[in-house]
Amino acid sequence: MTKQYKAAALISGGLDSMLAARAIQEQGIYVEGLNFFTGFCVEGHTHAIRKKDQNRPKRNNALWVAEQLGMKLHFVDVIEEYKEVLFNPKHGYGAHLNPCLDCKIFMVEKALEWIRENDFDFIITGEVIGQRPKSQRKETMPVISRESGAGGLLLRPLCAKNLPATIPEQEGWIDREALFDFSGRTRKPQMALAERYGFTEYAQPAGGCCFLTDAQYSVKLADLWKSRGTKEYELDDIMLLKVGRHLRPKPEFKVIISREEGEGKFLQGYKNQYVSLKTTSHAGPLALLDGQLGPGDLELAARMVARYSQGRNAEQVELEVREKDGSTRTLSVTPIPPGEIQQGWQL
Amino acid sequence: MSASDDMVIVDARRLLCPMPVIRVQNVVKKRPPGTRIKAICTDPGALSDIPAWARINGHTIIETLSGDDEHIITLEVGGP
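Each protein sequence line maps, in turn, to chains A and B.
For the first sequence, the numbering used here assigns the number 62 to the initial residue and increments by one for each residue that follows.
For the second sequence, the numbering used here assigns the number 2 to the initial residue and increments by one for each residue that follows.
In short, the hints are calculated from the structure, not lab data.
Be aware that one or more of the hints could be misleading.
Computed, partial: chain B to chain A, Cβ under 8 Å [claimed, not checked]:
1) R15
2) C18
3) P19
4) V22
5) V28
6) S49
7) D50
8) A53
9) W54
10) R56
11) T61
12) I62
13) T65
14) L66
Remember, predicted model here, so these are calculated numbers, not experimental data.
The beta carbon of each residue, even a glycine, is placed where N, CA and C say it ideally should be.
All chains should be built: construct the whole structure from the sequences, respecting the hints.
Structure representation (structure tokens):
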């Protein structure tokens, strides 16, 4: 009886991993998907908090891809383990706080653990030589295979012909000739293959799938680390960095101000963890105060929040101050003039 | 997470996807086929993600209820 070989595919939700998985399915291999959640993943839903992004599909692309391919998908929560990758990346950061090469090594290492626990035979990724400047280069491909421990069990179907044969190819589990030789940043071969497979819809690459590649997000994360004197964080900390306008008028505290109703609703979920401010005399944002407030700081924060309300030109704006224990009081302030909000406060 | 009779409740309020799916997935792993799981979520994305995850992994969606602020998805654990 012929053995049914099984592969685990790293599924990001983008086109490349979708094509890689399908290419291996086409060879009669049973494939299941893995999606690693670090906490920094860019999700359609995070965007969907904001009204301007309401038209984006409210779906998780990795799940959508798995459904299109008719395969199971397993989410792997790596939030805690990922901290070590982010804090001390052996291969350094990319343009921002993105430890892309270490991240890829880590994920393949986790995939290796998974295939061992679940009796699968090899791992596939949608990597393409030259596609990404930090992690997907000819020189980094063997580094990922070696340092993850996967070695010859890691197959990249889209660029396999540009790399030495892996175990599944050497052993004849799959036909190397039916794999591909894609390279470089062009997307044309992927688009052509998508058409061949009949994929008419797929997620378009839009700045990567990780917030750590985003300049503004990285500034906010670096600020969080600096202000706390430690790199440690909780999931809520890094989620909050994705939402609202962040202003730090003093090293000891910052104000997170919602930019619209959707964000206000989201921030409201944190009002038992942070002191919050909400304008009551005029329509306006909800704000959270993060850090230690000294004398006069609450008033300064309230004046800033009032500036972003409908009462920005009023003499006085009333706000409700809500403590973490639920107790409330009213504060009346004059909105801060725009010129007094220093550029350096904006994160 | 809490259990009442044969229904397991997963509180996934305030969590953004895919965390509600991960919470449900982790509970499903430990429960036998036929167990009913009720996930309470605030991220509207869970309304599409939990059913999608259930479909591809062989579980059955029994009911989805969507309110202004909370969404409840009930599923039944399928066989291996």
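Hint-by-hint comparison with the structure:
1. A hinted interface residue such as R15 of chain B counts as satisfied when its beta carbon comes closer than 8 Å to some beta carbon of chain A; here the least separation is about 4 Å, so the hint holds.
2. For C18 of chain B, the interface hint holds, since its Cβ comes within 8 Å of a Cβ in chain A; the closest pair sits about 5 Å apart.
3. For P19 of chain B, the interface hint holds, since its Cβ comes within 8 Å of a Cβ in chain A; the closest pair sits about 5 Å apart.
4. For V22 of chain B, the shortest C-beta to C-beta distance to chain A is roughly 6 Å, which falls under 8 Å, so the interface hint holds.
5. A hinted interface residue such as V28 of chain B counts as satisfied when its beta carbon comes closer than 8 Å to some beta carbon of chain A; here the least separation is about 13 Å, so the hint is violated.
6. Annotation: S49 of chain B was flagged as interfacial toward chain A, and the flag holds, the nearest CB pair being 5 Å apart, inside 8 Å.
7. For D50 of chain B, the suggested interface contact is upheld, since its CB lies about 5 Å from the closest CB of chain A, less than 8 Å.
8. Because the smallest distance between the Cβ of A53 of chain B and any Cβ of chain A comes to about 5 Å, under 8 Å, the interface hint for this residue holds.
9. Because the smallest distance between the Cβ of W54 of chain B and any Cβ of chain A comes to about 6 Å, under 8 Å, the interface hint for this residue holds.
10. Restraint check, R56 of chain B versus chain A: the minimum CB separation of about 7 Å is within 8 Å; hint holds.
11. About 15 Å separates the beta-carbon of T61 of chain B from the nearest beta-carbon of chain A, more than 8 Å, and the hint is not met.
12. Interface hint at I62 of chain B: violated, since its Cβ lies 14 Å from the closest Cβ of chain A, which is beyond the 8 Å cut-off.
13. Taking 8 Å as the C-beta cut-off, the interface hint given for T65 of chain B is violated, the closest approach to chain A being about 14 Å.
14. Given the 8 Å rule on beta carbons, the hint for L66 of chain B is violated: about 17 Å separates it from the nearest Cβ of chain A.
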